[in-house]
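Student: So you can see what is in the structure, the chains are spelled out below.
4 protein chains.
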Amino acid sequence: MCERSGLKIAVLGGGSSYTPELVEGLIKGYEEMPVAEIWLVDIEAGKRKLDIVGNLAKRMVRKAGPPIQVHLTLNRREAIRDADFVLTQMRVGMLEARRLDEHIPIRHGVIGQETTGPGGMFKALRTIPVILEICRDIEELAPNAWMLNFTNPAGMITEAVQKYSRVRTIGLCNSPINFKKSLAAVYNVPEEKVLPEFVGINHLHWVTSALVDGEEVLSELLAGEGGEYTAANVPTFGWDPEFLQSLSAVPTYYLKYFYMQDEMLGEMKESLEQNGTRADIVSRVEKELFELYEDETLEEKPKQLEQRGGAYYSEAAVRLMQSLYLGSNDIQTLNVANSGIYDFLPADSSIEVNCVVSSGGPIPLVPRYVPSHIKGLLHAVKTYERLVIEAAATGDRALALQALVHHPLVPSASTAKVLLNEMLEAHRQYLPNFFA
Amino acid sequence: MCERSGLKIAVLGGGSSYTPELVEGLIKGYEEMPVAEIWLVDIEAGKRKLDIVGNLAKRMVRKAGPPIQVHLTLNRREAIRDADFVLTQMRVGMLEARRLDEHIPIRHGVIGQETTGPGGMFKALRTIPVILEICRDIEELAPNAWMLNFTNPAGMITEAVQKYSRVRTIGLCNSPINFKKSLAAVYNVPEEKVLPEFVGINHLHWVTSALVDGEEVLSELLAGEGGEYTAANVPTFGWDPEFLQSLSAVPTYYLKYFYMQDEMLGEMKESLEQNGTRADIVSRVEKELFELYEDETLEEKPKQLEQRGGAYYSEAAVRLMQSLYLGSNDIQTLNVANSGIYDFLPADSSIEVNCVVSSGGPIPLVPRYVPSHIKGLLHAVKTYERLVIEAAATGDRALALQALVHHPLVPSASTAKVLLNEMLEAHRQYLPNFFA
Amino acid sequence: MCERSGLKIAVLGGGSSYTPELVEGLIKGYEEMPVAEIWLVDIEAGKRKLDIVGNLAKRMVRKAGPPIQVHLTLNRREAIRDADFVLTQMRVGMLEARRLDEHIPIRHGVIGQETTGPGGMFKALRTIPVILEICRDIEELAPNAWMLNFTNPAGMITEAVQKYSRVRTIGLCNSPINFKKSLAAVYNVPEEKVLPEFVGINHLHWVTSALVDGEEVLSELLAGEGGEYTAANVPTFGWDPEFLQSLSAVPTYYLKYFYMQDEMLGEMKESLEQNGTRADIVSRVEKELFELYEDETLEEKPKQLEQRGGAYYSEAAVRLMQSLYLGSNDIQTLNVANSGIYDFLPADSSIEVNCVVSSGGPIPLVPRYVPSHIKGLLHAVKTYERLVIEAAATGDRALALQALVHHPLVPSASTAKVLLNEMLEAHRQYLPNFFA
Amino acid sequence: MCERSGLKIAVLGGGSSYTPELVEGLIKGYEEMPVAEIWLVDIEAGKRKLDIVGNLAKRMVRKAGPPIQVHLTLNRREAIRDADFVLTQMRVGMLEARRLDEHIPIRHGVIGQETTGPGGMFKALRTIPVILEICRDIEELAPNAWMLNFTNPAGMITEAVQKYSRVRTIGLCNSPINFKKSLAAVYNVPEEKVLPEFVGINHLHWVTSALVDGEEVLSELLAGEGGEYTAANVPTFGWDPEFLQSLSAVPTYYLKYFYMQDEMLGEMKESLEQNGTRADIVSRVEKELFELYEDETLEEKPKQLEQRGGAYYSEAAVRLMQSLYLGSNDIQTLNVANSGIYDFLPADSSIEVNCVVSSGGPIPLVPRYVPSHIKGLLHAVKTYERLVIEAAATGDRALALQALVHHPLVPSASTAKVLLNEMLEAHRQYLPNFFA
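Protein chains in written order, with the working numbering: chain P, 2 to 437; chain Y, 2 to 437; chain F, 2 to 437; chain V, 2 to 437.
In short, the hints are calculated from the structure, not lab data. A hint or two may mislead.
[Claimed, not checked] Examples of chain P residues toward chain Y, derived with CB under 7 Å:
| no. | residue |
| --- | --- |
| 1 | F244 |
| 2 | D263 |
| 3 | G377 |
[Stated by the list, open to error] Label-pair ranges, simulated between beta-carbon atoms:
| no. | chain 1 | residue 1 | chain 2 | residue 2 | range |
| --- | --- | --- | --- | --- | --- |
| 4 | F | A399 | V | I282 | 35 to 41 Å |
| 5 | F | P191 | P | E289 | 48 to 54 Å |
| 6 | Y | L327 | V | V419 | 55 to 61 Å |
| 7 | P | Q275 | V | D349 | 41 to 47 Å |
| 8 | V | V419 | Y | K194 | 54 to 60 Å |
| 9 | Y | R369 | V | G239 | 37 to 43 Å |
| 10 | V | V419 | F | A224 | 39 to 45 Å |
| 11 | F | L425 | V | D281 | 41 to 47 Å |
| 12 | Y | R369 | V | E216 | 28 to 34 Å |
In this text, a Cβ means the ideal position worked out from N, Cα and C, and glycines have one as well.
Looking at chain P on its own, in the form it has when it is part of the complex (with noise of 0.2 Å):
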């Protein structure tokens, strides 16, 4: 790792609401990991973001004051240089895409989500060509960085950089973060004091385990027992109980779509119609954000940004800095390749499993038991990624139709026709693979 006098980090789509978090960990997290340079990217479209948050982002460091550097700059290349880290954070299309990726699908009765089914396909065609010249620029000009990477679709993100460039690259949910935060408030216990077990790929995994000061607590969070903490919607989020027993593991909810596939496209279908769907709630708490960034007296992250969404990021970011930088060999909860874990799937897939973090990079635990019943879902979905990863890098059309005829929430091949077809011109600007 090159030190200079500390570490320099490039975070790209620098001008994203969740900046101010970020900054406020790397400021508090200085002592164990000296920071010398924060550059916060963006591009044309997103100059004015980048500067509300980025003047914020000065003025939390210089309250706080460690010396580090915030810098703004539309040129990537830059601030790619010689990065220790290089965190990618932005979204090709903005929330209009996104706005776009949910009211189609749900149009048609099919789930209308970011990170799967079309939606999740058309964010993953959008962002991967952008994402692979990113690595580009990091093969050349950082070749011993790691991109730490949270667009999502995360774990589609990281496997076509894996798949498609020489760069080391890490996948970062918050969903495992907040399982385990729960959990150790649930039980009382500090945060060192779990260990939950992660059986999946990221937005589709199961708990199978949960170790809680040494005991096993598994069976007490899918019984739903101990009070409490049901009410602090931590472990159950309202499954049926005998499915939860007969299933054996805690589904997280993203699987709501999933197994609940009826009463959330009702649900969906009646919020589009009443608030919109979730990208338009967001634009209004983001103009919300973006109004307080503004305030030039504002020099701490906003209370208002948790109801943003995304709660953790940063911790997890940060976290997952130190302990590459320290070689700290605990555990965290990470998007890597599979590597034999799973032997139903691929090897070069990536999955989101418990891993050490050394200094060497992430190294992955073997789950202790995988539910036989959920192996089909996985891979069913997994399939879909597949073939959308490789439709995003070639722009071939057939693959990007049987990779949506094959997800499990599009009900017909001709259900999935029509959603292509209707996609791929609305988003016609940013996929420029497949309008070449």
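Using the hints provided, position chains Y, F and V relative to the given structure of chain P.
Tutor: Then chains Y, F and V, alone, in the frame of chain P:
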């Protein structure tokens, strides 16, 4: 193979309307494979049918001339003792149970069908325990016999036998032989000149290559070129051409349940109201057939049997027995253990694959190409199958629920639960494992 | 874990000369892990040693002060009942049998050694049936106990237990902890700051990465750079530098039997004539140790024990028990089931690998890199091991012959046959399975 | 397949003494497979032999009558252009290099042999770069051609072509066809009535089943029962009966190098002193053959060719071409990619296995049984092969050293190093990759 003056064949479910076709096949093949005894076995409730069909079989043999003895019996063990081949073609719960397998799911908005989904699951739950009892008899009384299984869902039944018994078994379906014959007909070549490659499992397979007289014709099939033969309904089954091209394989018609779920379900609902389901139709056809069979002047298989469905079942069965007996080393498409052919499925899963049929049993051929896009669906359905098999053998309700929840045609865990409860009740008398 | 006022630990082969080291470790670790009872068990033939060692153990505890009860018994079942940990460190046939394991092969021009080759095979053949009897007791009397196995050949014993019993077991060797300690010493950092990655199986492993305080030092180790520490005998063990570079991994010293077969065999032959083999030396050392142990004024582990070999065995054992008890989630190198980590070895094979030790048991880490060139040797030795395990459990002579024939150190089938016959005869009394 | 008035066949190493047998085969098979052109190609140094053999070939065709044109050329590209089949049977370094492959290892106490061990490695190192150059030509000039490779070590050459080129290739050895013919002879049945199953890789295979006219005769073969045919030297090759029984498979005679290493080495050393090695003998035989070939009155293959070894090579080659051309779907034993057949070997490794030969290429059959005891040896030799292939393609000395170190017939790393250095020097002129 124990040889007598000829072979002994036991037919379990001998009172089936299919039996005359089988008997015809054995008569015609007598020269190549001398059969000394055919034992038609049925249960008490099927005695009338057994008598009708059995007497027709006797008349057929008498008319044709070969020295084959036809025995009718309700004593399974007597029939199995020292048999060379045991054919299983029985229907536990008869057509009335099939009716429920079809009606109940459709009423809940789910595909109702006897070989997959909730219907297929309950047919398996009813049949597997009975088959395993038969296996106990074969292990004891005819340990070297080949058990040839026609009973649907053939893939699951075969896998269950391989998992829970030491009986040598092969699963057989008429779908591949049908495809082969159609292909030969379309191209006007003898059947030996066509070699389609099948990928997948029973009732969920794709043709990924079709060699006709030394030429690969797959792309012709997918393009629907060649005019005439598309009318013959062989290759394309009315699939959307763009979809078919992107699939790069010809899907079996059972895949309509998955690729055209919407359309099939709509059709099923409509049909249910007007003519009932397939079970209702078959009931009527069978009634007519047995009236014909009773006619003592009838001495050969009546033409009308062809409407019953299951074309070429008999031919497939007789060919298989002959090749095993003679060691023909010809290629047939059979249900056998995966044995590593698909590295993404468990080694002991049954798959439907081309095999060289030697006197030592079927030797599977490794398909030259497995499209990536079908792996997930294959895995999802196989996961369901494995759970069903284990549930059938153990009576474990949680496994049955998980099987249904994870079947691609079941839209939610709550629907799965409703279906499970209603169907368990409906089939209660045939499910002693679940109601012990 | 059943808790009493503290833990119950049963030590099978309690009369071993190693026991004082273990007892010392338990005394020192009492604060972290309160031990209520230590049960030292031995067989009738070992009674004298058990008394001597046991009385020393009692004196040690009394001197040190913690409320640990030390029990001596010939009744294994009494010791196992409700134990939290069962430690197995016995030697079936004692040193006399080891002598034969070493002498006979060398006389036939084959490496004679107690953990691999013909010697390792016979130690396994003698030990596995005894271990499996013990497992029957544990299954009945202490089903939740962890069985920690030190008995060599530790890999085979562990695999046999996992294959033929339901006992939770972990195999333990002092070689990895030795490497780790040496590495820490060479680089002068605390042990927690080094993380070597081990690839392979017990006594046949390679170090493919060595992180020291955040830096990868493997290439330094391979180059033998850094002067001082090569003298410390840690990394290179006298290997040829070009060979070592091309291997790109540090081989464990047991690999000398394979990579320096010629030289080792020459040395062994020479040594045999002059001082006898290792068994002869250990006999002399043990004699002296027991004379010391008998001294009633001795109240702590004598210095001389360190010459016995097996350094840090006790430390490794105590650490493992503590981590299981406390759920420390630290990294230890253990013998556990492969579970797909090496896709070229069966999933149920024992391997020696870094694990996070949780309260739910060891969770293996996937090595980041497995050199291609070692896979064949690994597979060859594992094949031998699997055959030996099955031969031990069944008494199948043909399997034993095939195991020997296919061991890389046995030069021909005829030599294998000669060795098999001679060694079977020599060990006849310990091999009831073969002479029933 | 491009058809002209008939096929075009290019024979690389056309000046080989084997060529007349091949030409005879093509003449005899003309009815089934019309060959328009045979192009015999050789290098400058082989011109004299090419002329002698080529002229004999022309006389043979003239005498027999079919309209086949025989071309002799030193221009490889001209021969390859639009060829349907490219046959490779050349020997880089000619017999003189083979002599070194045999002599040098034996002098160091190691098996010296041209298809395995150090000798096999150097034959591969010399040949692979030449073969890959040929592949570049085929890719450009005849991309649809089948390259049929006879050149030893056939397994490694085939794997190299599949790894480093897009050429369609099949490796061919006469050992399986020999076994089949012997078996048919022993049992006095036509060859179509025998079906042995081969497990393993080229020159390292075992027969695990032998069906003769519908009966399994393996145990007869292993028992050496049946008197007469053991004399025919087919099945048992002088193996120890107890060893053979425990092996439960008939080993190919090449396995003597591994199972009778001691004895073979002794014999080789003795032979070296008296008659030289196989290379020396073949030199003498070839000299005589070419004297015969030069006789202008000779118009057919001389009887003496049969002493040359390589019996039935020509028959194997012609059969394979015919089956590919006609789509015969018969069973032949060929070297093809593993494709998951052996789950313990990499998917892209070449293996020697029964295949159905379709017009689309060979379709491998999954062996019904793989004895556990042979897996390790298979893996060890395949590991060596893979390292050799990579070393040949890259000129990486470290890989070559590791290949030798890990070959089961090389007793130590130091011997490996000595052999590597001496043999690299000896073959320097043929190893441009290593001496760039």
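Student: Taking the hints in turn, state whether each one holds.
Tutor: Hints, verified against the model:
1. F244: Holds, because the Cβ-Cβ distance from F244/P to chain Y comes to roughly 5 Å (cut-off 7 Å).
2. D263: Since chain Y brings a Cβ to about 4 Å from D263/P, closer than 7 Å, the hint holds.
3. G377: holds (3 Å)
4. A399/F to I282/V: 35 to 41 Å: Because 38 Å falls inside the window, the suggested range holds.
5. P191/F to E289/P: 48 to 54 Å: Hint holds: Cβ distance 50 Å, inside 48 to 54 Å.
6. L327/Y to V419/V: 55 to 61 Å: holds (58 Å)
7. Q275/P to D349/V: 41 to 47 Å: violated (56 Å)
8. V419/V to K194/Y: 54 to 60 Å: holds (59 Å)
9. R369/Y to G239/V: 37 to 43 Å: holds (40 Å)
10. V419/V to A224/F: 39 to 45 Å: violated (22 Å)
11. L425/F to D281/V: 41 to 47 Å: Holds, at about 44 Å.
12. R369/Y to E216/V: 28 to 34 Å: 32 Å Cβ-Cβ, so the 28 to 34 Å window holds.
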